[in-house]
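S.K.: What follows is the residue order along each chain.
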Amino acid sequence: MTVGLVLDLVLVTAVLVSAGLALFVPGRVASVMMFLVFGLVLAVVWARLGAPDVALAEAAIAAGVTGALLLDAVTERPRRGPDRRVGPRWLMPLLGAVAGAGLVVLLGAAALQAGPVEPGTGLGPTVLDRTDDSGVSHPVTAVLLAFRAYDTLLEVAVLTLAVVVVLSLHRDGRLETVPAPGAASPVPDALVRLAVPVIVLGAGWLLVAGSSRPGGAFQAGALLAGALILLRLGGIRLAVPTGRWLRPAVLVGLAAFLTLGYVTVALGQGWLVLAEPWQGTVILLLEAVLTVSIGACLAVLFVAGRRPAAGTGRGEEP
Amino acid sequence: MTDGDVFLLLGVGLAVLGTVRLVLTGDHLRRVVALNVAGSGVLMVLVAVAYRSNPEEPDSVLHALVLTGIVITVSVTGLALAMVRRVERDEQDRQASHE
Amino acid sequence: MTPGEVPVQNDLVPLVMLLASLTPAVLIFFLREEQVRLRTVLNLGGALAKVGLVIWLVPPVVGGTRLEWRSTLVPGIDLVLRAEPLSLFFAGLSAVLWLVTTVFAIGYFEQAPHRSRFFGFFSLCVTASTGIALSGNWVTFLIFYELLTLATYPLVAHRQTPEALAGARTYLAYTLTGGVVLLLGVAWLTSLVGPVEFTDGGVEEVARLAQEQPVVATLVFGTILTGLAVKAALVPLHGWLPKAMVAPAPVSALLHAVAVVKAGVFGIVRLVHHTYGPEVAQALGVLLPLMLLACVTIVYGSVRALRQDSIKGRLAYSTVSQVAYVTLGVSMVSVLATTGGVVHIVHQGLMKITLFFCAGLFAEVLSLHKVSELPGVGRRMPLTSAAFTVAALGMIGLPPMAGFVSKWQLGLGSIEAGQSWVVVVLVLSSLLNAAYFLPVVYALWLRTPEEGVQWHVEQRRERPAVEAPKALLLPAVVTAVLALAAGLLAAAPYAPLDMARFIAELSYG
Amino acid sequence: MSDLLAALVLVPLGAAVVTALLPARAAGRVGLVVALALGAGSVLLALEVGSSGVLEAALGDWSIPLGIGLRADGLSALMVLLTGVVGAFVSVYASGSAAARGGALFWPVWLVLWAGLNAVYLAADLFNTYVALELVGLGAVGLVALGGPAALAAALRYLFVAVLGSLAYLLGVGLVYAETATLDIATAGQRLEGGVVMVTALSLMTVGMALKTALFPLHAWLPPAHSGAPAAVSPLLSALVVKASFYVVVRLWFGLPGADGAMAVATLVGVLGAVGVVWAAVVALRQTHLKRMVAYSTVAQVGYLFLLLPLAVPGLAAPAGAAEADAARLAWSGVAALVVAHGLAKSAMFMSAGTLARAHGSDRLDDLHGAVTRMPAVAMTFALSGVCLAGLPPTLAFVGKWQLVQAALAAGQWWWVPVLLVGGLLTFAYTAAGLRAMFDEPQRADELVELRPVARRMVVAPLVLAVLAVALGLRSVELLALVEVGSVLGSLP
Amino acid sequence: MSALWVVAVLAPVTTVLLLAVVGLGPREVSARGRTTLVRWAPLAVLPAGLLALAGPRAGAVDVPWLVLGTRLEVDELGRPLLLLAVLLYGVALVAVRPGRTTRAPVLSGFLLMSFVGNAGVFVAADTVTFYLCFTVMSLAAYGLVVHENTASARRAGRVYIVLAVASEMFILAGLLLVVQEGGLLVADAADVVAGSEARGVIVLLLLLGFGVKAGTVPLHVWLPLAHPAAPPAASAVLSGAMLKAGLVGWLRYLPLGEVAMPGWGATLVVLAVLGAFLAVPAGLLQADPKVALAYSSISQMGFLSVLVGVALARPDLAEACVVAAVLYAVHHGLAKGALFLGVGVWRAHGAGPARPWVLVGLGVAALAVAGAPLSSGAVAKYAAKQSVGSATVLGVDLALLLPLVGTGSTLLLARGGWLLLRGRRDERPGDLATLVAWSVLVVGGITLTWLLAGRWVPVESVPGLEPVTLWDAAWPVLLGLGLAGLGWWLSARERLPAWAAHPDGRLLPPGDLLVPEEAMVRRLLHLERRVEVAVARARQVLGRAGLFVADRSPSPTTLAATGDAGLARWQVSGAVLLAVLLLVLAVGAW
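Sequence lines, in order, name chains A, B, C, D and E. My numbering numbers the first residue of the first sequence as 1 and each following residue consecutively. My numbering numbers the first residue of the second sequence as 1 and each following residue consecutively. My numbering numbers the first residue of the third sequence as 1 and each following residue consecutively. My numbering numbers the first residue of the fourth sequence as 1 and each following residue consecutively. My numbering numbers the first residue of the fifth sequence as 1 and each following residue consecutively.
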């Protein structure tokens, strides 16, 4: 029994326990807390599996932003309202157990039989071979912003769309009616002053580093969002745009990405075809814009979830 | 069974666990949590697949896909939470106005 | 004559015939209520154009030419409109009756609301029956058959009263179900032998199917027949017909005379004579049950008609009975019987439309809806009553009215086909017909109106110059004259009988 | 021409950004213009595919499987065309009333949704399909949410369903990647050889997509979502959005080999579809609100589509001349016709229901009395679309149903035939129930609800679509030929 | 000659149409025009008279496009009858006087229509035309029967039309069989029937069908009702011409002389004899002279039917029988027509200056019917007796039996005359035209029969003036008169029971057999209603049972709706999702 195996067993157990608790522990607050733990354990698992980019993203986005969103929600309503149970008390757990066991067996068996493909035939080696053509040196970034830039474009669109939809829940699609915490800030002022510059710096580093090593616009954007949220919670209203700059900030990333596509087509190169020698620079610039926009988007998601001032909710359309 | 297989199974387990909880609970907020757990499970399957193909140099394409998946998940979570909170608020307001 | 010998010409004329009623239908929907004149022009223009086309086509088609228009519907299956004797025969009926009914309807709805809707669907209904007439294969037939169902529904429901809506619902439930069964049968047949084009004397592939898989062929026949039997109102699938009586008079007239029920029996003709072929069907053993069914329907419809006090109800059951004559005729392997059946399509149409016009006149002019309200009307509305009498006598099958000619042919045919017992059915039916029509005639002319009846009181003051609005009266008189003429001139060339015989002879090769 | 493929996705996205930034009125104008342009672009694509065959493009010039491929074969082109046409008409309809749109953000969300739909149809990549599906799912949820507080719970449920379905799909993608190490559908198809993994992945993805398509009994989310959405949204959801996930099912089953080994799954799915046809129609009959009835109708209609699997899957491995192969081709073209027919007719039906609800202030059947005389064109639209949905001739759905019946008979699976036929009857039954309410005329005029004025385009747009749905029944050859371009089943004789 | 045909057909038809069309005009114009038309209507039958005179020389006419192809021809058999029809209808039309007769234009119209049919029956050379004409006649006769529109007329009409339509149908069925065997042309018909396999059926159908018109027992019931109800002019043609149409039907279509059908022949003869004799007591018990006359007609038609029956049974006698029948038909038609019209004439002129002549005329006609020597009846009966020859029925020699019919007739006519002379008379003086026309009929009737017997009809011998022959003719009449006198004497002495002494038609109502028949029909209808009620009740019970079952088991729609409501709950649909997923995966793995 090697150390690695022990570590793995510990990890697996931690994952299962934290996930199990997050899912089944009574009480919302505990559940959310356990989910935060789950996110952190998961980040370790990603790192263990040789996926540092994913680990970073998990830490920043899944544990960070998602955690913040969930915490904020659970703070507003720590207990859920009355719920009608379906059938006898034992029915749903039993059903879940039976179905879950069956599914695990069936899916697990199939998953174990799947692959692996012979080394060398998959996409991984090809990516490694072609990374240099992409203008960046980190393969994951090359995949995200060069080989599969279209996916990323759509992904940004998904994020933007989510924000737009959340905005549509508010009157006129604006957030000015959401009150910012004033003097009674839940976050100590000092923490804000200390943490924000660090976070922003970290974000900048992640962004730049992304071209050659793990990191990139998404991780950086998540960090930026964290900083903006902290600032707003610290009482700086303008940290997260809610008025005139709200939509431009949210949309700028997608707009930039699309513009890049339009320009490449207009230049006769085809959609999103980046030529030497500008491609590296262009990707970096695009990532910068994306970072800002993703930061804004995630921050807006956080703000938009909060209760607007009384009587200012999105009313009936005329 | 290799270590990759273990995590593969773990991913499957998480996905099933999250899904079961998602569909059987009556609490919106916990659904969101369950959704995230299920999503993480699916992503873990992808990462495990990447790892299994070559533990030394896992498939970076899958990592990129997982990154995308994470961003999508957070988008969905943000939207879902906003809606959940709104729905619960409306319910509360309705109850309040009833009383 | 085998299909190979017939020169088939690709031609737009069949399509034009269809468009002659479709175009007014579509245009009329867009007219405002008050655009009376334009609507009338469209209606009558379309109707006249179609009558003209039919007249123009008859000589060449009888001469052996076939005009055809095709368009691929789905790969392997065409939409086919073909002008051949039987199709022209039916199209001619529909064209002529459409014309007179349009005139009647214009008079009938002089001040009523929703005229654009009515005439739009009315024309659509005629488009469908023209389509049915011209269909060159089963799929095309099916399409127009269903279109007919749908176009008729708003007409039946036109009054929008609860009774009208209930009647329309029953109508729809029956006919749509029938349509679905027909679809099943046609699809089945198509999957067995490929697309079936109507051919005089039957289709070869179907004959082969009947030989190789008699059970399947019988089942397919039964399925298609069931689908058709609903519209043809064969017992026990006739239940919708009396309920559809809630429709306005012109609709009932068209429904019973040419559109719906006729579509059903026309389909039966197509099935027996132009799909299976009479000999094949006979060998398959499907004709005897069909004949029995027709006989049961003939007698049952008449018996039920006896008990109806509502004029339209009585006429409705009479239709059930009379339309089965056509089925009876085509279910016997005999040129004479087939002639009789086919010619009854036109004859019954002429007579029944007259009766419905008259019923409409009684209802419109004097608000009379029941047989028991009719005593003495003959003196107040002599022309209407005369038209009614002519048609009623025709229905009984008395010479020289058209109904006699049909019955005569059927009788001769049944003996020729070795089914002399059918004569008994014919005779029984005639007796029953007499039993429910003659009392009406008697009441019209010989009984005196009950004291204090509204119209009778009015009559004493000043009798109007004409007994009824001309637009209502004229069609009734015209169709009555036609019903008489169809009998009196039955042996004349191009008379319905002549055409029917021509068609029947083609079918028997 | 291959630039057109990505343009069909990226242009609406750009337009969405623009409309999100512009003030409402200007956004409306831009939205409408772009919608019409997209409609034209879809037609262009269909013509191009129809005339010169399958179109392919690799984005960013990265060769496949490294990069992401876009591919437009006949089926894709047909779906894009359907989306373009219906989308354009619904956009025209939406421009007629702010209430019909539900809110200022209608245009950006709808345009993103449109982009997502096109992205699904043009994707040649398994993961790209996933992202596109998420775009569609979120867009659809967003549109439902525009229906206001009452629709929010439905939207939320829809969201969970959509994401859950996508996750199942993604897990399936993971399995496929584990087997093939590629995301390109065609390449994966070449590398796969069937087997348990393959079937499991396929089953998983099918259930996920079936959930999003609202296959019985996974349909409970649909009626509240589709009926609660604003007037201009319901047609988009019912006519287009459910088709995207169904399209993915088709792509998988006919793009990945080994599907013929999953006949049992195909039959099971077919059975569910068949039960759904009857079940949902029966439930639709008992609805008291028009839009809910129409929503249930969608559930029923979706059932028909899934009959494709049992009918066509045996033909995948059959030799060219076999009856199964013929049946497969018939089923393929039949379902294609049904998809288009349902798209056109259902959007027309929902739009007309929306117009009626708008004018009468409610979509309760009892409030719609007299609609036949007061809003004849709208009632006519409703009737026509009902006729089409019921598959009565001469509508396009009839063509579809005819082909399916033929396919069932050719495949020796006659048991689907009664379902097809009875389903049509039931469809017409609830249409007639709706019509009956509109026909009902109270004795006194003052018993009728006072009508609110509606824009003319809210009457005309659905009518045109309904007429189109009917008219295409008489001339569907080109459509059916289009769907055979690039089909693995080959073309009909 | 075909021009004559056209005129002969069109003249009456056009007149009818004109009567109808003019009637639609304004009241003034209508009245004036119709009066004129009615005045001139008798002329419309004259062209047909010319045809009769021309006889076979008029040739055949073919109208292939009319109905199913029409062929008309005046043959030896039809010629005298056509003449009879022309005479009778002409006189009847003259007797229709605008202003005196109720609704004279209508009566004229129906008479003319009836004439077209009636004459058509005599000259039709193809079966379809024959049937067409027969029907036209039957229907038009209905108009005649119900013309007075009294309660009794309507009852008579009802009975008549039921029997008429029924007879039409029997005839239709019979003729269909005939035509199908190749008997489209009347000339071929008898041959065809003789050779037909279905001969028995055909003969039965035709006996029944034509028997109604010919007043054969038991199908005669309409006669005693119809004749008194109709106006005298109508009764005259009904009895005189129309009954003969039935006879002609037999003569044309029964295989007389072709094949022996002793069974059918005997049956007919028995029925005919029964009719001939039973009509006498039935008629004697009536209180209305026209009813008595009607029973006389039944009796006479029985006589005629005997001839047909004999012809049917004995081919060797057939030819003679047919000739005798035609002769007898003409004689009876004219004489009976004169009597019926005489009823009207008597009522109009019985009190006036023409009274003696009317009495004489009536007497002459009555004697003719009875067959008194030198009368037309004597000729006819003589011919009949000759032709029957040695035929027997049930062992009784027909030649002995037939003269007794004369006795019966005498009794009936005596009774009728008695009733007539004592009956009511019109207040207004009658008009001359009717009287003249009637006179023509009386005179013509006698002369014409003699004439015909000599020239048109090849009777082997006409009765001579030998005493034997005269006695043969006279004794039945004398016997009848004697019996009548006895009866009168007895009733005058009150030696008879009241019902026989002063019959009022209640003991045996007109229509005799009809009464029980009607009762039977009523009972049948009642039975049917009871069945209907029972069916309705059964249906109700079944329906309740069905409801019961429906109540106990939820309908499928309810089931689906409840199920769907359950699915609407998140957790339920979630559980279903899991189940489906598990199922699909399991099925896939398996």
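Just so you know, these hints were derived from the structure itself, not from any lab. Just to be clear, a hint being listed does not mean it is correct.
Said to hold, decoys possible - These stretches of chain C come out as covered by chain E in the derived footprint (C-beta under 8 angstroms, 3 or more residues):
#1 187–194
#2 314–322
As the list claims (entries may be wrong) - Which stretches of chain B does chain A cover? Using the computed rule of at least three CB atoms under 8 angstroms from a CB of chain A, they are:
#3 3–12
#4 43–52
#5 63–77
#6 81–93
Note that CB positions come from ideal geometry on N, CA and C, so glycine has one too.
S.K.: Do three or more residues from the region 43–52 of chain B put their C-beta atoms closer than 8 angstroms to C-beta atoms of chain A?
M.R.: Holds, because 9 residues of the region 43–52 of chain B bring their Cβ atoms closer than 8 angstroms to Cβ atoms of chain A.
S.K.: So is the region 187–194 of chain C in contact with chain E by the C-beta rule, three or more residues under 8 angstroms, or is the coverage claim wrong?
M.R.: violated (count 0)
S.K.: How about the region 81–93 of chain B: do at least three of its residues have a C-beta closer than 8 angstroms to a C-beta of chain A?
M.R.: The restraint on the region 81–93 of chain B holds, since 10 of its residues have a Cβ under 8 angstroms from chain A and three suffice.
S.K.: Mind checking, does the region 314–322 of chain C have 3 or more residues with a CB under 8 angstroms from chain E?
M.R.: Since three or more residues must qualify, the claim that chain E covers the region 314–322 of chain C is violated, with 0 doing so at under 8 angstroms.
S.K.: At a Cβ distance under 8 angstroms, does chain A reach at least three residues of the region 63–77 of chain B?
M.R.: holds (count 14)
S.K.: Against chain A, does the region 3–12 of chain B show at least 3 residues with beta-carbon separation below 8 angstroms?
M.R.: holds (count 10)
Checked against the numbered hints given earlier, this structure breaks hints 1 and 2; the rest are met.
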